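Protein sequences, first through last, are from chains U, F and S.
Going by this note's numbering, the first sequence opens with residue 35, and the numbers climb by one from there.
Going by this note's numbering, the second sequence opens with residue 9, and the numbers climb by one from there.
Going by this note's numbering, the third sequence opens with residue -1, and the numbers climb by one from there.
Source of the hints: derived by calculation from the structure; they are not laboratory data.
As the structure is a computational prediction, the values presented were derived from the model and not from experiment.
Note that CB positions come from ideal geometry on N, CA and C, so glycine has one too.
Don't take each hint at face value.
Within a straight-line C-alpha distance of at most 20 Å, the following computed SDA-like cross-link-like pairs (lysine to any residue) qualify [as the list claims (entries may be wrong)]: (1) K366/U <-> E409/U; (2) K380/U <-> S34/S; (3) K37/S <-> E59/U.
Here are some, though not all, of the chain S residues that point toward chain F, as calculated from beta-carbon distances under 8 Å [stated by the list, open to error]: (4) D19; (5) Q20; (6) V21; (7) G22; (8) T184.
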Amino acid sequence: MPKTLSKSKARVNPARELVFGDLWEYDPAPETADPKMKKKYDLFINGAFVPAKSGKYFPTINPANETKIADIALADAVDVDAACKVGQKAHTTVWGKMPGRERGKYLYRIARLLQDHAREFAIAETLDGGKPIKESRDFDVPMAAAHFFYHAGWADKLEFLSPGRQLAPHGVVGQVIPWNFPLLMLAWKIAPALAAGNCVVLKPAETTSITALKFGEICQEAGLPNGVVNIVSGAGETGAAVINHPLITKVAFTGSTEVGKLIMRSLAGTEKKMTMELGGKAANIVFDDAPLDQAVEGIVNGIFFNQGHVCCAGSRLLVQESVAEEVLAKLKRRMSVLRVGDPMDKNTDIGAINSREQLIKITELVKSGVAEGAELHQSACKLPARGFFFRPTVFTNVSMSHRIAREEIFGPVLSILTFRTPEEAVEKANNTAYGLSAGVWTDKGSRILKMSTLLKAGVVWANTYNKFDPTSPFGGYKESGFGREGGKQGLLDYLKVC
Amino acid sequence: MSQRLHITKTPKCYVGGAFIRSESGRVTELKDASGQFFANIPQCTRKDLRNAVEAAAKAGPGWAKRSAFNRGQILYRLAEMIEARADEMAAALMLGGFPPAGAAREVTASVERIVHYAGWTDKYEQVLGSVNPVASAHFNFTVTEPMGIVGVIAPDDSPLLALISLVLPAITSGNCVVALASTTQPYPSILLGEMLATSDLPGGVVNLLTGFRSEMIPTFATHEHLRALSGVGNAEERKTLRLGAAESVKRVHLLKAEEPIDWFADQRQGVEEIRALVEFKTTWHPVGA
Amino acid sequence: MPISQTSVSLRRLFDEVGTVDQVGIEERVAKYATRSLKKKSKVFGLRLAVTMVDLTTLEGKDTPGKVASLCQKALVPHDMGDIPSTAAVCVYPSMVRHARKHVGGTQVKIASVATAFPSGQAPLKTRLAEVRAAVSDGADEIDMVINRGAFLSGEFGMMQDEIATVVEACGKATLKVILEVSELETYDNIRAASFLAMRVIRPNDFIKTSTGKTSSNATLGNNQVMLEAIRDHYLATGVPIAMKPAGGIRTAKQALQFLIAVKETLGDGWLNNRRYRFGASALLNDLVRQLEKERTGAYQAPWNFSEATEGY
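Start from the sequences and build out the full structure, keeping to the hints where you can.
Shown next as structure tokens:
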């Protein structure tokens, strides 16, 4: 067969396809270990589980089958006040005075206990939040433990964070976290706060409180002094009570840009320190010289990881025109072997959308994409009859003005745009108010460094995507927030520089 | 010889490398410490701020791309320019009521501060950035980048040292600055502009406006192209700035006007001031063959 | 074959066929290991794997007797449990005629390594003579080695010419082209060499990872690189090429992971022994052992399943 050294035109041949059929089906492989969950969860304040003063509870459901899992105590301002006061007391009497090496040992213990209870936490996370068990088991929980392990070692080395300056903890920090990585976001928040000598009042997201409250059990098991960590469950009002409480001197928030702005407004008249991890609309840029199969894997990982409920999701694929068709063909082929369904099945790649509300939002944005003229491609997979599920979705013929190219969808929906030159790619990538993350795929080293420099984003993944590590600072530019989490840069945000 | 008529100077603001009057045409009478009329100072408006931001936006990318070494040379040159005209600057401070010794001290400290930051340009990255030992097969490093255009709100007192202490850490890392100078003692900022113009600092990197805080602060707060606000304000001003900042998630780094600030203190300079006005960018790349 | 004889840089070849990111592909294949096979799907996979084994002995000490017992095992891997035959036995050329006595006319094919296996360092004429001899002795399949030296020095034309002449020498016999991936070293090289080979062989001829005689053999990573090359070649030309990982696959669990890679990369069309083989010896014992465990419900002791011959 003659060969030529030009890019083979025949590389894409739509006439032939591969058959990903049912010749060899995987049987159901449900995770069956006992998550040791309670029917009712109370607030964790001052080292003990206590009902809300109002006696109110709200239900939490399994988004994969819409059945109730447990009742969660609903904290109001009275409970938050109690939590902040014991946090303050723990800070002044115990935690703030404790030598760093002792604080560190508590964090090491917590890391170890999370590893001991890893499977329980993974299952609880999957049942409550809908993410596939393989992700909670292989990513969320081990990574949460790793964050405690990393920060444990910092507790007696804080003076290296800002050479020549005196550092002091803030006191009690108020933390509000989202539902996409419930335990991991808790770890991102609590581990550095405690390492720096702060006490914590944390509010988990309304739909995913269980692992946070289970974390209270870990604190008890670790013998953590009472009041150092306090968990108050509830909805937006509870969060507002936390951030606005006068004893809270530092607020750390992860969530939508909309709510982030709301918090910034409500704290404008105060001197509270803030870090904000907000939304994103990341561009994942594929050049024609990229290793395409790995790029496709990165695209899949970028947008379908955790059902796309990821603030740094690679939701805008920018692909160089000359390989656009080939990348789309490869992507569709890869999508056809993604398994959507029961999050508890070990072979499930894409689980349930976290809530009905989020499903409605995703559905609405996808409709807008169709209405605005983009071309819709969806996996043909069968979805479960009950529960909140959404097909992996890709849009082509997307232009920068479409809502699906501008708004954060927070679901398994990818918009594909094309570009011709690096400059055009950068221009499109930066044409957004967000600036959390970006991806670059190319075989050319100098181009990677140039692109990384030009992209206005806090994290740039080159020839990879959606990678996280406790040592690696994470956070955004522009309206994706400020401050960092992870690494020495993130830890310093939990200290006052005197 | 007949007595020569003295040539008075018309104070102008330094914006985009040029000297401008306020587009509004408004001026404020500036009196010297003895109450004598000294000059008409431009009373800048929100449109002047807008124009200054445009000028900064033009200069920004080029300034950020300069090598760290080059930025250091340029800042050091700025110190040379001021040192050479220290007496003139001291006189400008005395005009606003500084005693001679105080004026000289303010000028000297300002020059020292510039030299301090000139030395930081090629070092702060090595202190603030990092290579991060991630557990996976990736090379991972964090570098800083300038935020972009920084709005500086200088306090009324310390009209030179405070202004310099706020502007320098911003431009050290490649940011551009639009600054509102002291309202009560604006003249040193006018003179500073003239010295900037004769330094090697590219036009537009530092833009100095004079005017009333109450008129300017709301626009500083809400102008979305300003990516950070740094300076001094009273409780109400801080609230205004933070409320406006919320609308575009702007970074805010403010000191309280109601508490005394020792601008001569070591804490008022250094790498933490630079850190407050940079972004951290982390890049991952696989390590493979 | 109109092939240029001038040497071409590897880089130009990579530009043409595309490159592979090492870390990325290893992350991809790590996901195969997280697939969980239960009950029927596990039994299906294990049985499928048995039918794909090229049961191999490639030892200096091989004798007709050894080959006879190998053939018996290939035909009836176990006396209980209705376990299917393997795809083939794989032996040195001198043993082909002995193998023929036992499996000739059965569904178990006779494969023979030829072309101065494993180094390939013999004159082309000698290598071709070896191929012809093996075929005339009754080999249904020939496993050849590529000229790695030619590949690495950019003599792609020479490498392809040699394969093409072996294709001719094979006649009706199926050809398996061994890339010897450990000597190619990088995934980029493995992908590029796969394409060069695929362009001169026939539909359902094989590309194969290894001889089993070097330090590293088949891995999920290089298996994946070759599966993706086969996929891209098929989609571009319509020519289906078959795949044979060889060496180092000793456990049933490993074999299932390789098959999951096939299922998710090439799909149902390659889940048969016409398109996919395992070059292995010890593997068959473990496959049978695990099938017996599934059949009886009890974990099995190894001594009921004859111990493996070494080598690949």
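Here is how each hint holds up against the structure:
1. K366/U <-> E409/U: holds (14 Å)
2. K380/U <-> S34/S: The hint holds at about 6 Å.
3. K37/S <-> E59/U: Holds - the C-alpha atoms of E59/U and K37/S are around 11 Å apart, at most 20 Å.
4. D19: holds (6 Å)
5. Q20: Holds, about 3 Å.
6. V21: holds (3 Å)
7. G22: holds (6 Å)
8. T184: holds (5 Å)
Hint check: no violations occur; every hint is consistent with the structure.
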